[in-house]
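S.K.: So you can see what is in the structure, the chains are spelled out below.
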Amino acid sequence: MMLFYLLGTIALAAAVNVVAQRRVFYSALFLIICLCALSGLYMLLQAPFIAAVQVIVYAGAIMVLFLFVIMLLDPFSAVPLSEKKRYLGYLGIAMGTATLVLLVPFLLSYDLSRVPRNVTGMAAGTGITRRIGETIFKEYLLPFEVTSVLILVAIIGAVILGKKKI
Amino acid sequence: MWIDLVILFTKAFVLINAVLILTSFLTWMERKQSAVMQDRLGANRAPIFGVRAFGLPHILADALKMFFKEDYVPPGGDKLLHTVAPLAAVFFALMSFAAIPFGDAIRVGSREIKLQVLELDVGLLFVFAMMSMGIYGTFLAGFSSNNKFAFLGGLRASSQMISYEITMGATLVGLLMIFKTLDLNQIVREQGQLLWGWLPSWGIILQPFGFLLFLTAGFAETKRVPFDLPEGESEIIGYFVEYSSMKFGAFFMVDFVETILIAALTATLFLGGWQMPYLYGDGFHFPWGTTHSLSSASVTILQVASFGIKVLFVCWLMLLIRWTLPRFRYDQLMRLGWKILLPLSVANIFLTGFFLILLQSR
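As given, the protein sequences belong to chains A and B, one line each in that order. Just so you know, we're using numbering that gives the first Met the number 0 here: the first sequence kicks off at 0 and counts up by one. Just so you know, we're using numbering that gives the first Met the number 0 here: the second sequence kicks off at 0 and counts up by one.
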């Protein structure tokens, strides 16, 4: 339980910092910390496979690409909002408030007593690799394969965009 | 509760110290081995009271020298990230060892202690996760130095590590298909079985092709000589060009720690881990019928020793290759990773699947 609060605090603090940091590079680094803390939370939920994949795919691969892009574009600028873009900031605040207002009814109707206090109530071993594999490759085989076709399409598109002459 | 924590910390403490001692030993080993290969004497200029001890005091001398150098952060660089980068590199490299089993479970009283710091269902994935986080060490070092050469070195390092990580994962799929688990301890247990009653079913025997591919990809992960483009000690400049003092020492160390990590992984996955041929929980059972019973304590010692010897052997092999091969060019490196190793490892997956189905249908 202590670990949960610790990881939760880290995740939240990092998430706030992602938005609050002036430098894009730091924002990305805080996003990595946030993802790692979330992975720790998955581990507490006894889903080690999800936790590991979270770190490998998101923190380890996708965020590296994010950082590549940030670094190659604009490494050291502490992007201040220029006057022209100021309205974007106001727009952001407005959108955030709207989302919060929309969330309020859900938060109010949230019944705390129904939240499971530990994971023993869950079906045992949901996060175990074998179970996930069986679910994906038996029950949801078709959607899974269709997703991979989608990714293939994206890859082909990226190659065509990236290369002028093929 | 408390006793569990104490056991856990003891295991972690012993493991980390073993790795670090082996790391410092490897620096000496590399010098001596290269000297032998090149017909030189090698390091022998740090005697303590006239005792040269084959140059072993160099380990101490090097560490002292590192600590007393000026710690310099380049102006215009990012001081925080400049400091975090070597820490991250060392941290994630050492963390990976947590999932590696170095012996079978031992029994003390009614308590079963597994000789593995972190018992995980997804141990292998954990190691890979830590390795992929290790990229940030090199990456941040290159970025925070405010130096174009370091920056390019960091880019080279991270793209190389990402590319070869994918290959490395693909080379292991064949092995996972055979052992049907990601739990490293379980993988080692499976390797204790015998094929046809006499041949230990180690990964290298079931997956010889996968072993070669994995070792090659693992070599690229350690960023050492045939693949040392990220750092390029002799000509091109690498990501830690702006580092001095122990921060440089940390990067220097990480190279060796990663060598040991790849060696430990190779030993665990392909060389039977802590298994010794014909050694079971109660002693040796040779296939020709003789048995030789041993106490459980000596069996444990033999297991840990066998794991240690395997790791040392692979380290030696890696040093041998490091001092034999010249460096790749960067395009050659990328071609090797993406156009040769990856297709070969995919072919390996298909071949393994083919044989598995063939064996099942019989």
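Derived by calculation from the structure, the hints in this document are not laboratory data. Keep in mind the model is a prediction, meaning the values are calculated, not measured. Watch out, some of these pointers could steer you wrong.
[As the list claims (entries may be wrong)] Here are the simulated distance ranges between beta carbons:
(1) B/Pro-342 - A/Gly-95: 45 to 55 Å
(2) B/Ala-104 - A/Thr-96: 54 to 64 Å
(3) A/Glu-144 - B/Ala-104: 33 to 43 Å
Where is the CB? At the ideal position from N, CA and C, for every residue including glycine.
S.K.: State for each hint whether it applies.
M.R.: Hint check results:
1. B/Pro-342 - A/Gly-95: 45 to 55 Å: 48 Å, holds
2. B/Ala-104 - A/Thr-96: 54 to 64 Å: Since the Cβ atoms of B/Ala-104 and A/Thr-96 sit about 57 Å apart, the hinted range of 54 to 64 Å holds.
3. A/Glu-144 - B/Ala-104: 33 to 43 Å: Holds - the Cβ-Cβ distance for A/Glu-144 and B/Ala-104, about 40 Å, lies within 33 to 43 Å.
The structure is consistent with each of the numbered hints, conforming to all of them.
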